[in-house]
Amino acid sequence: MASILVVDDDPDICALLEFKLTSGGHAVTVEHDGEAALAALEQQKVDLVLLDWMMPRMGGLEVCLAMRADGRYASIPVLMLTAKAQESDVQRGLAAGADDYILKPFSPREVAARIDASLARAVR
Amino acid sequence: MVDANGGLVLRLTVALTALVVLLVCTTVVTRGWRRRRERARTAAEAVARPLILAALDAENSAAESESASASESGSGSGSGNALAPNPPQVSPRVGRYLDSMASAMAGKLRGGDRAALVELLRRRGSVDRALRHCRSVFTGRRLRAVELVGSLGLVEAVPELAARLDDPDDEVRRAAVRALGRTAAPDAVPALLALLDAPQRRESEHYITLALLRMGPPAVEQLTAALRTHGPNGRRAAAKVLGWLGEPHAAGPLQAALDDAEPAVRSAVVEALGRIGLPAPAPAMRELLRSDQPSPVRVAAAVALGRLGDPRSAEALAGLLTEPHLLARSAASALALLGPAGLTVLRAHAHVPEVGEVLIGRADAELPDLVTTAGGRS
Chain S
1 MASILVVDDD
11 PDICALLEFK
21 LTSGGHAVTV
31 EHDGEAALAA
41 LEQQKVDLVL
51 LDWMMPRMGG
61 LEVCLAMRAD
71 GRYASIPVLM
81 LTAKAQESDV
91 QRGLAAGADD
101 YILKPFSPRE
111 VAARIDASLA
121 RAVR
Chain R
1 MVDANGGLVL
11 RLTVALTALV
21 VLLVCTTVVT
31 RGWRRRRERA
41 RTAAEAVARP
51 LILAALDAEN
61 SAAESESASA
71 SESGSGSGSG
81 NALAPNPPQV
91 SPRVGRYLDS
101 MASAMAGKLR
111 GGDRAALVEL
121 LRRRGSVDRA
131 LRHCRSVFTG
141 RRLRAVELVG
151 SLGLVEAVPE
161 LAARLDDPDD
171 EVRRAAVRAL
181 GRTAAPDAVP
191 ALLALLDAPQ
201 RRESEHYITL
211 ALLRMGPPAV
221 EQLTAALRTH
231 GPNGRRAAAK
241 VLGWLGEPHA
251 AGPLQAALDD
261 AEPAVRSAVV
271 EALGRIGLPA
281 PAPAMRELLR
291 SDQPSPVRVA
301 AAVALGRLGD
311 PRSAEALAGL
321 LTEPHLLARS
331 AASALALLGP
341 AGLTVLRAHA
351 HVPEVGEVLI
361 GRADAELPDL
371 VTTAGGRS
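In order, the protein sequences belong to chains S and R.
For the first sequence, counting from 1, position 99 maps to 99 in our numbering; every step adds exactly one.
For the second sequence, counting from 1, position 54 maps to 54 in our numbering; every step adds exactly one.
Pulled out of the complex, with its shape left as it was, chain S reads as follows (with noise of 0.2 Å):
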């Protein structure tokens, strides 16, 4: 069992996405913005973080790249989860320090079977 983070403005896909991890056998905690999320990660341990980019009050970018900046979170699985679908977005976002791109419309299917991959490939 991993803890995930989830980061998202949208309550009706972090409601989805706590659904179907929680289901699969992980600890979920929610955020829907970009500082609360970096609040989350001082108070808990974290092992993976599933990551909206645009957000109110700090955007995905923003926290990717504070989190790579921090010795404490650079090591964080860091999973983008975005409409943000061009060429260049899917650069910068893998460019901030991001592990995956995922676009939406997601597979929440799909999005848990990256996170599991991402999680062994961590613990190796």
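Honestly, the hints are just simulated from the structure, not real lab data.
Watch out, some of these pointers could steer you wrong.
What follows is a list of derived Cβ distance ranges for each label pair [claimed, not checked]: (1) Ser75/S / Val24/R: 51 to 61 Å; (2) Trp33/R / Ala120/S: 44 to 54 Å; (3) Ala256/R / Ser75/S: 48 to 58 Å; (4) Arg290/R / Ala113/S: 54 to 64 Å; (5) Asp116/S / Arg228/R: 42 to 52 Å; (6) Thr13/R / Ala40/S: 55 to 65 Å; (7) Trp244/R / Ala113/S: 45 to 55 Å; (8) Leu103/S / Ala163/R: 24 to 34 Å; (9) Ala85/S / Asp170/R: 21 to 31 Å; (10) Arg135/R / Ser75/S: 56 to 66 Å; (11) Arg129/R / Arg68/S: 47 to 57 Å; (12) Leu12/R / Met58/S: 24 to 34 Å; (13) Trp244/R / Asp116/S: 32 to 42 Å; (14) Pro199/R / Asp116/S: 26 to 36 Å.
Cβ atoms here follow ideal geometry from the backbone N, Cα and C, with glycine treated the same way.
Go by the hints and put chain R onto chain S.
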């Protein structure tokens, strides 16, 4: 006199007090009504959300057991709907929220989970109801219906949605355009493009091209056909979308459309070929640099040839460096993208102001690298 004034003041005071009391009462009642509506919404969502998640869970279980039985028997997979439960029985109020939430969530998903939500709405009768309501006399009901079938991307809804492209209400028409884009049904392409050349055009090209772009590759065949069959606005939009999609198979039909009678269409076609990036149409594209072509077409051709990066375009682009500012600037920018062949031409024309601007721009961009290199040497 004093009494008359006193009476007037009294009446004014009473009237103002009554007005203030009325405003306070209205505000209190409105706030109370909003709070009540919000509580009702929250309560209905609290009931509806678990039902939606349960439907997704059932779909997952069905998919997993199918996958397990398929791997045991070695057969392929079928539909997971065989094991789907009956639709949940809920009050009409909760049902409305359930429909709204499930359709909104379906629009954000793909794959089996999306199909499960569509199936849930079908079993509830919500899809059939929405298809009927697309023709309702009530604007709000039509709008909700179009948005629901749109978020589900139902191909079967294309005729109803196409009929709504003539809706008297702006919002319904735009919702129908968006919804047709989500269906990704090739049949919807001609109807959308035809809007652009309608005698009383009411929809902006922006909405329509976005919807076509959203359709993606399934729309390519109809878009390429539209290059020959539609009016000038439709042909131009089709070319633009083909370029944005970057579909290599569209390069042939686009090349054939380079001699379109309308300059605006030729511009869009050559731009699209530049975006697709195949080298074969380059000679035909260079023909559009000729002085007998309108200036916007020549500019579009220069930009597109720059995108292709074919050094054999350098000579043709050099011919534009003595033209007026916009043409010369476009040609200089394009030459800068052609590698050494383009740079040779630019240096030979360094006295041309537009070329100078481009060369200075390049030098500025390269300066940090040059400084780093020099620092490394020292």
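Check your understanding: Looking back at the numbered hints, which does the structure fail to meet, lowest number first?
Key -> 7, 12 and 14
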